[in-house]
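Trainee: Listed below are the residues making up each chain.
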Amino acid sequence: MNRRVEHPPNLMPLLDGSPADKEYREIQQHVKSCAQCQGEFRIWESLDGLVRSPELEIEVPPFQWQRIHSGLTASQPATGWKRFLVLATSRRFALRATVATLVIVIVAMYGWQYYYKFDRMNLLKTLAAFSQSESIRLSAAKNPFSAFGESAIENPFDKFEAKISGKNPFAASWQND
Amino acid sequence: MKSAQAEIIRRARDGDLEAFQQIHEAYARRILNFINRMVDSREDAEDLTQNVFLSAFHELANLQDDERFESWLYRIARNEVYQSFRRKRVEPQGFEPANVEQVGTHLPLNIADGRPSPQDRILHEELGATIRKLLNSLPPKLREVFVLAVIDEKSYAEISDIVGRSILSVKTDIFRARSQARKFLGKYLEAKK
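Protein sequence lines correspond, in order, to chains A and B.
Letter by letter, the first sequence follows residues 367 to 543 of this note's numbering.
Letter by letter, the second sequence follows residues 572 to 764 of this note's numbering.
For reference, chain A alone in the conformation it holds in the complex (with noise of 0.2 Å):
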């Protein structure tokens, strides 16, 4: 009985891939009982040592990091508020402190309209209670005025008059005329 098999045709995961996925666990499967796909596998293995060949491998040279240190002092990274400079011309902080201002413009201004009407309202609320309540107070209140009434204040003409009424030389000519 011939059965016809399925060989992976990317045997790569196995080499690249971790024993977590669960592409490498097929293929390692199938390896495992597949004598071709074990001799082509020890091809791209040993394909991968050649490669990995050490001839290519060079060394950092002895003063790299003396260069780079002088060239980290010559342009010292900004600290503290130098940094939050640096920080602030970034495009990144440009951006979120453009989006930030946005945001609190628009509650500012939506808290001011709400404040401005809310405030007006009471204003008028607070002259209309005000009014009314000068009003009841005037009508209740006692006038003034009417301490100067007839009876409360003695005219002081009256006596006068009473009083010159008698001795007037003059009146009895001015009746009798």
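It should be emphasised that the hints constitute simulated quantities derived from the structure, not laboratory data.
None of the values given here were measured: they were computed from a predicted structure.
There may be inaccurate statements among the hints.
Straight-line C-alpha distance at most 30 Å; calculated BS3-like pairs for lysine-lysine [stated by the list, open to error]: (1) K398(A) with K704(B); (2) K704(B) with K758(B); (3) K388(A) with K712(B).
Fit chain B to the known structure of chain A by using the hints.
Mentor: Below, chain B without anything else, positioned relative to chain A:
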């Protein structure tokens, strides 16, 4: 270990040059060799590595995730490599299709023994030259994923993060690069069988 690295990165971000020196010690060799394989010039690789670390120090404030520091550093290195290609205003070397027949026609290597004989040493040097030719024959797009996957042994996810392409595209490119390498180093592989 991770937290120790995070602490070093945090200190370097705050301008601590000693901490940054530790980062340089830990990564300089890998970055230098990655760049060297990409540009095939030791002098250029050294200069570009220096630029990578200078840029990294200044850009550390923009690093979002300390866990992905290495990928981030490789990304800077890759950008430096591509900038150097652009500066040179020439097609990156390697578009001349390598003559597969001419490569690897010499005696087989006896790599199984860890200590190479003087004859093997000569052959190793020859192999080194052949691998350089191989890398130069790959277009940069394939070369970078090939170096990252095979030599630096990065995962597909890391490579995808570094080169900014999908994992599927990365897998395809690695397969293509390996197939080309297999043709190129065919004779050596035959010898190893």
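Trainee: Please go over all the hints and tell whether each is borne out by the structure.
Mentor: Comparing the hints with the structure gives:
Of the supplied pair hints, the one linking K398(A) and K704(B) is violated, its CA atoms being roughly 34 Å apart against a limit of 30 Å. Distance restraint check for K704(B) and K758(B): the Cα-Cα separation of roughly 15 Å lies within the 30 Å cut-off, and the hinted pair is therefore satisfied. For the hint pairing K388(A) with K712(B), the CA-to-CA distance comes to about 27 Å; that is within 30 Å, so the pair holds.
Hint compliance for this structure: hint 1 alone is broken.
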